[in-house]
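A.B. asks: Sequence:
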Amino acid sequence: MPDREPAGLAGVAEFNRDLYDAGTVDAIVSRFVRLLGILVDAPDQPVGPLDVLDDAERRLLADWAPTSVELPDRTLTGRAHVLDDALRLVPPGVTGDLYIATEDDAEGQLVPCPFGPAGSLMHRTGERARRRRDGVLEVLRREGVPRTPEEEMLRGFFADALSVPAVGMDDSFFALGGHSLPATRPVARIQAEWGVAVPISAVFDAPSVALLSEYLAASGTLPSGTTEPGR
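In this text, residue positions in the sequence shown follow our numbering: the first is 7, and each later residue adds one.
Rather than coming from a laboratory, the hints here were simulated on the basis of the structure. The C-beta atom is built at its ideal place from N, Cα and C for all residues, glycine as well. Please note that a few of the clues may not be correct.
Unchecked claim - Pairwise CB distance ranges (calculated):
#1 Gly183 x Leu56: 21 to 31 Å
#2 Ala198 x Ser169: 15 to 25 Å
#3 Val202 x Pro49: 34 to 44 Å
#4 Leu56 x Gly17: 17 to 27 Å
#5 Ala124 x Gly99: 30 to 40 Å
#6 Gly226 x Val53: 13 to 23 Å
Please build the complete structure, drawing on both the sequences and the hints.
C.D. replies: Take a look at the structure:
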């Protein structure tokens, strides 16, 4: 009726608790609703450039920014931020470019820093990084070379599951076309080859070879002494 308030839309999110926790689903739904609101107000606006973070998330990411970052070949001093191409903070788990707030002209590649006082600068390090959900900053290896025979085996498990010739250390299983069904295959290979039970949710929480290797090592299930990569 014309004199009634718009009813809006109501929806229900169904999810597999073996794959996602409630906090993750709440975050996904909140971001989706936020994007819908933006697009309702500006339907012609491209989706790609939209900022999915709210003010509270941006403050949290800024608070998480460490004041130094250890790299294999050097130490970077200054508040660290992981940003997208538009110099916006990216959500936890999303890979972006690593920037360090600095006033040192010797660093080169200085750009205005939007996270400090007017006139602040930051240095683009050339490194790629992401934040874990607990706020820990992870700098991704540049070469993408396996460090151990076990990591080479994991690359084989991923490649076989996806029916592709090869998988990079930091390639996302799902970005390469994986979904819940093929995600069971590397889990099955891990159990068959190494005799350890790993939940399928591990592939969702750690969707790259590098992240899954760290997950297995942290949980004490990554074997040692394996010398031949399996395919």
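A.B. asks: Each hint: holds or not?
C.D. replies: Consistency of the hints with the structure:
Taking the beta carbon of each, Gly183 and Leu56 are about 25 Å apart, inside 21 to 31 Å as hinted. For Ala198 and Ser169, the Cβ-Cβ distance of about 18 Å falls inside the hinted range of 15 to 25 Å, so the restraint holds. Checking the proposed 34 to 44 Å range against Val202 and Pro49 shows it is violated: the Cβ atoms sit about 50 Å from each other. A hinted range of 17 to 27 Å for the beta carbons of Leu56 and Gly17 is consistent with their spacing of about 20 Å.
Separated by about 31 Å at the C-beta atoms, Ala124 and Gly99 satisfy the suggested range of 30 to 40 Å. A hinted range of 13 to 23 Å is violated for the C-beta pair Gly226 and Val53, which are about 42 Å apart.
The structure is inconsistent with the numbered hints 3, 6, although it conforms to all the rest.
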